[in-house]
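Student: Sequence:
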Amino acid sequence: MTNMKLDKLFRRLFKSLDKGKKGSEDDLDKIDQLLKRLRDRRDHLRHRLKKEKRVCKQKRLKAELKIVEIKLKKGKKRRKQLGPT
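Per this note's numbering: the sequence shown = residues 1 to 85.
Just so you know, not all the hints are guaranteed correct.
Stated by the list, open to error - The calculated EDC-like cross-link candidates involving lysine to aspartate or glutamate, where the alpha carbons are at most 20 Å apart (straight line), are:
id, residue 1, residue 2
1, K5, E52
2, K51, D32
3, K57, D29
4, K66, D29
5, K76, E52
6, K8, D40
7, K36, E25
8, K76, D32
9, K8, E69
10, K57, D26
11, K62, D26
12, K74, D40
13, K73, E52
14, K62, D32
15, K66, E25
16, K53, D7
17, K59, E25
18, K30, E69
19, K57, D43
20, K5, E25
21, K74, D29
22, K77, E52
23, K62, D40
24, K51, D7
25, K62, D7
26, K71, E52
27, K71, D7
28, K80, D26
29, K66, D26
30, K36, E52
Unchecked claim - Ranges between beta-carbon positions, derived for each pair:
id, residue 1, residue 2, range
31, R48, E25, 14 to 22 Å
32, D43, M4, 13 to 21 Å
33, R54, F14, 32 to 40 Å
34, S24, V55, 19 to 27 Å
35, K51, P84, 35 to 43 Å
36, K77, D40, 29 to 37 Å
37, V55, R12, 29 to 37 Å
38, K57, D26, 33 to 41 Å
Read the hints as simulated data drawn from the structure, not as lab findings. Each residue gets a CB set at the ideal place from its N, CA and C atoms; glycine is no exception.
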């Protein structure tokens, strides 16, 4: 899944959730699915970074990896706010 698709999913998900209210089961399931996708994407990027020889591609992969890790951190924080694990 491309980074743009993840961005779109991430924006759509957090736009629909209100900070003050507890999450419904559907909202929690959506967040869990998104977090799984982000973890998969992070693992994939780490693997590609390990294999990549060219410095310019390594820089791009590192930047993309950092973005995914930040989104993952934010998603985990939001998941914790909405309800029990």
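Student: Now tell me if each hint is right for this structure.
Tutor: Comparing the hints with the structure gives:
no.	hint	result
1	K5 - E52	violated, 23 Å
2	K51 - D32	violated, 29 Å
3	K57 - D29	violated, 34 Å
4	K66 - D29	violated, 25 Å
5	K76 - E52	violated, 29 Å
6	K8 - D40	holds, 17 Å
7	K36 - E25	holds, 16 Å
8	K76 - D32	holds, 9 Å
9	K8 - E69	holds, 16 Å
10	K57 - D26	violated, 38 Å
11	K62 - D26	violated, 33 Å
12	K74 - D40	holds, 16 Å
13	K73 - E52	violated, 25 Å
14	K62 - D32	violated, 24 Å
15	K66 - E25	violated, 29 Å
16	K53 - D7	violated, 27 Å
17	K59 - E25	violated, 39 Å
18	K30 - E69	holds, 18 Å
19	K57 - D43	holds, 17 Å
20	K5 - E25	violated, 23 Å
21	K74 - D29	holds, 16 Å
22	K77 - E52	violated, 31 Å
23	K62 - D40	holds, 16 Å
24	K51 - D7	violated, 25 Å
25	K62 - D7	holds, 17 Å
26	K71 - E52	violated, 23 Å
27	K71 - D7	holds, 9 Å
28	K80 - D26	holds, 15 Å
29	K66 - D26	violated, 28 Å
30	K36 - E52	violated, 24 Å
31	R48 - E25: 14 to 22 Å	violated, 35 Å
32	D43 - M4: 13 to 21 Å	holds, 19 Å
33	R54 - F14: 32 to 40 Å	holds, 35 Å
34	S24 - V55: 19 to 27 Å	violated, 47 Å
35	K51 - P84: 35 to 43 Å	holds, 39 Å
36	K77 - D40: 29 to 37 Å	violated, 19 Å
37	V55 - R12: 29 to 37 Å	holds, 35 Å
38	K57 - D26: 33 to 41 Å	holds, 39 Å
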